[in-house]
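Undergrad: This is what each chain is made of:
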Amino acid sequence: MPSPADWSAIWLTLKLAGLTTAILLVVGTPIAWWLARTRSWWKGPVGAVVALPIVLPPTVLGFYLLIVMGPHGPVGQFTQWAGIGLLPFSFAGLVVASVFYSLPFVVQPIQNAFEAVGERPLEAAATLGAKPLDAFFTVAVPLAKPGFLTATVLGFAHTVGEFGVVLMIGGNIPDKTRVVSVQIYDHVEALEYAQAHWLSAGMVVFSFLVLAALYTLNPTGKRP
Amino acid sequence: MKTLIRLLLLAACLGLPAHPALAEQITIAAAADLKFALEEIVAVFRQAHPGDAVDTVYGSSGKFHAQIQQGAPYDLFFSADIQYPRILAREGLAASEVKPYALGRLVLWSATRDASKMSLADLADLADPTIRKIAIANPKHAPYGKRAEEALRAAGLWDRLQDRLVMGENIAQTAQYVQSGNADIGIIAQALALNKELAARGGHALVPDKLHQPLEQGFVVTRRAADSKLARQFADHMGSPEARRIMVRYGFVLPGEATGR
Numbered sequence: 192m193p194s195p196a197d198w199s200a201i202w203l204t205l206k207l208a209g210l211t212t213a214i215l216l217v218v219g220t221p222i223a224w225w226l227a228r229t230r231s232w233w234k235g236p237v238g239a240v241v242a243l244p245i246v247l248p249p250t251v252l253g254f255y256l257l258i259v260m261g262p263h264g265p266v267g268q269f270t271q272w273a274g275i276g277l278l279p280f281s282f283a284g285l286v287v288a289s290v291f292y293s294l295p296f297v298v299q300p301i302q303n304a305f306e307a308v309g310e311r312p313l314e315a316a317a318t319l320g321a322k323p324l325d326a327f328f329t330v331a332v333p334l335a336k337p338g339f340l341t342a343t344v345l346g347f348a349h350t351v352g353e354f355g356v357v358l359m360i361g362g363n364i365p366d367k368t369r370v371v372s373v374q375i376y377d378h379v380e381a382l383e384y385a386q387a388h389w390l391s392a393g394m395v396v397f398s399f400l401v402l403a404a405l406y407t408l409n410p411t412g413k414r415p
Numbered sequence: 215m216k217t218l219i220r221l222l223l224l225a226a227c228l229g230l231p232a233h234p235a236l237a238e239q240i241t242i243a244a245a246a247d248l249k250f251a252l253e254e255i256v257a258v259f260r261q262a263h264p265g266d267a268v269d270t271v272y273g274s275s276g277k278f279h280a281q282i283q284q285g286a287p288y289d290l291f292f293s294a295d296i297q298y299p300r301i302l303a304r305e306g307l308a309a310s311e312v313k314p315y316a317l318g319r320l321v322l323w324s325a326t327r328d329a330s331k332m333s334l335a336d337l338a339d340l341a342d343p344t345i346r347k348i349a350i351a352n353p354k355h356a357p358y359g360k361r362a363e364e365a366l367r368a369a370g371l372w373d374r375l376q377d378r379l380v381m382g383e384n385i386a387q388t389a390q391y392v393q394s395g396n397a398d399i400g401i402i403a404q405a406l407a408l409n410k411e412l413a414a415r416g417g418h419a420l421v422p423d424k425l426h427q428p429l430e431q432g433f434v435v436t437r438r439a440a441d442s443k444l445a446r447q448f449a450d451h452m453g454s455p456e457a458r459r460i461m462v463r464y465g466f467v468l469p470g471e472a473t474g475r
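Sequence lines, in order, name chains A and B. Here the working numbering is used: the first residue of the first sequence is 192, the next is one more, and so on. Here the working numbering is used: the first residue of the second sequence is 215, the next is one more, and so on.
Excised from the complex, chain A in its bound form:
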């Protein structure tokens, strides 16, 4: 059976994934909107930066975050000056890392959905007197709903599956940074295979259910 430490890792993981997804929906939607509508030369470079976490090894992200958020890094000096302390080995640090790590999985589905909506409904809304912001919330967002659903599910699931970055900047602290993937790794190293099986099988079932639900409810919007 899962131990209390396992349950606390599960709760922590859900908290991390939930918070990360919420932040990404807020931050990612304007980025996706801009990427979908711009004709600027910058579309290519910005799109590439957003997609970087898909191709980069998590160790690259972990290494740079450790340096940048450390006491000599720019972010670390800022957080110390602001009285927050240092971000590595803290829950806040994991949230920051996860936002970068899962960014493309939220931005790209929303961007695709906005692109599919196209100019016409928005032009129609403008003709009817809607202001751009109004048209965005009453026309573009509802029409892009499948994209938002995909983005939410993929952002959440991808954060749950995070391991390499957490191992590098987490410091394995119970209730703060010891998420399920790290807990499984610890169980395996300590030869506690029964415990590792519980958590691992749980992850398989969870991931399957999430993806099955997504592909069943949202068959058109499944492309990330």
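To be clear, the hints were calculated from the coordinates, so they are not data collected in a lab. Hints may be right or wrong, so weigh each one.
Rough simulated footprint, nothing fancy, chain A against chain B, three-plus residues with beta-carbon under 8 Å [what the hints assert, rightly or not]:
#1 347-356
#2 375-386
#3 389-398
Once the Cα atoms are required to be at most 27 Å apart in a straight line, the calculated DSS-like pairs of lysine-lysine come out as [unchecked claim]:
#4 K367/A to K410/B
#5 K410/B to K331/B
#6 K313/B to K424/B
#7 K354/B to K206/A
#8 K322/A to K336/A
#9 K322/A to K234/A
Every value quoted in this text rests on a predicted model; they were computed, and no experiment measured them. We treat Cβ as the ideally placed atom computed from N, Cα and C, and that holds for glycine.
Given the coordinates of chain A, assemble chain B onto it according to the supplied hints.
TA: Okay, now just chain B, sitting in the frame of chain A:
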């Protein structure tokens, strides 16, 4: 057709082993505290065996133990806790007896303050409120972490310092947490603190060995290397005066020599 044959010939040539037919290859899995000392010992060994290949992998002893049980291709296993190779021997996974090679020592080390000035008799200086993060190796599977936990418990600090502890996956990652300044201080292997790069910064002080069980370290030749001459030769090389000198230089106490400082 001619081009095709040429290409095939070229492919065959590239596929040939880089070493002469008689060359042997071994892979050594070693506890992360050996990272610097063993590299020097292997370098000496390579000079005497120019035709052979010796690869090294460093990590936590617990991880290698689990991996060897699952058939990992390691020919020798150097463990920071002699219990792990003993279990392998009991399970029939070893091709040699378990040889103790050193006693490890814990040190307090910091990159940002002079840890050598800290009072160590009871580790009480660790309770200093300006020390916000203390790095140790994960006590669950890293021997240096286990001993660090024992020392902190013996000092009555374990519960008090709980929310300041961060855990490295192995002792080298623990040192890296301190080196990057993200942890203020760490309890790491002396063998790592004596490395040039780490010794140049901050300072270190030995943790009294009466605060924890001895870090008895041992190695075995694994079953898959039962017929490997090179693995045997490396095992013998560990007992050579030159290898012993290197181990001593990195602060290891060798079997049969006086301990306690």
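Undergrad: Taking the hints in turn, state whether each one holds.
TA: Tested hints:
no.: 1; hint: 347-356; result: holds (count 5)
no.: 2; hint: 375-386; result: holds (count 5)
no.: 3; hint: 389-398; result: holds (count 5)
no.: 4; hint: K367/A to K410/B; result: 34 Å, violated
no.: 5; hint: K410/B to K331/B; result: 20 Å, holds
no.: 6; hint: K313/B to K424/B; result: 24 Å, holds
no.: 7; hint: K354/B to K206/A; result: 25 Å, holds
no.: 8; hint: K322/A to K336/A; result: 20 Å, holds
no.: 9; hint: K322/A to K234/A; result: 25 Å, holds
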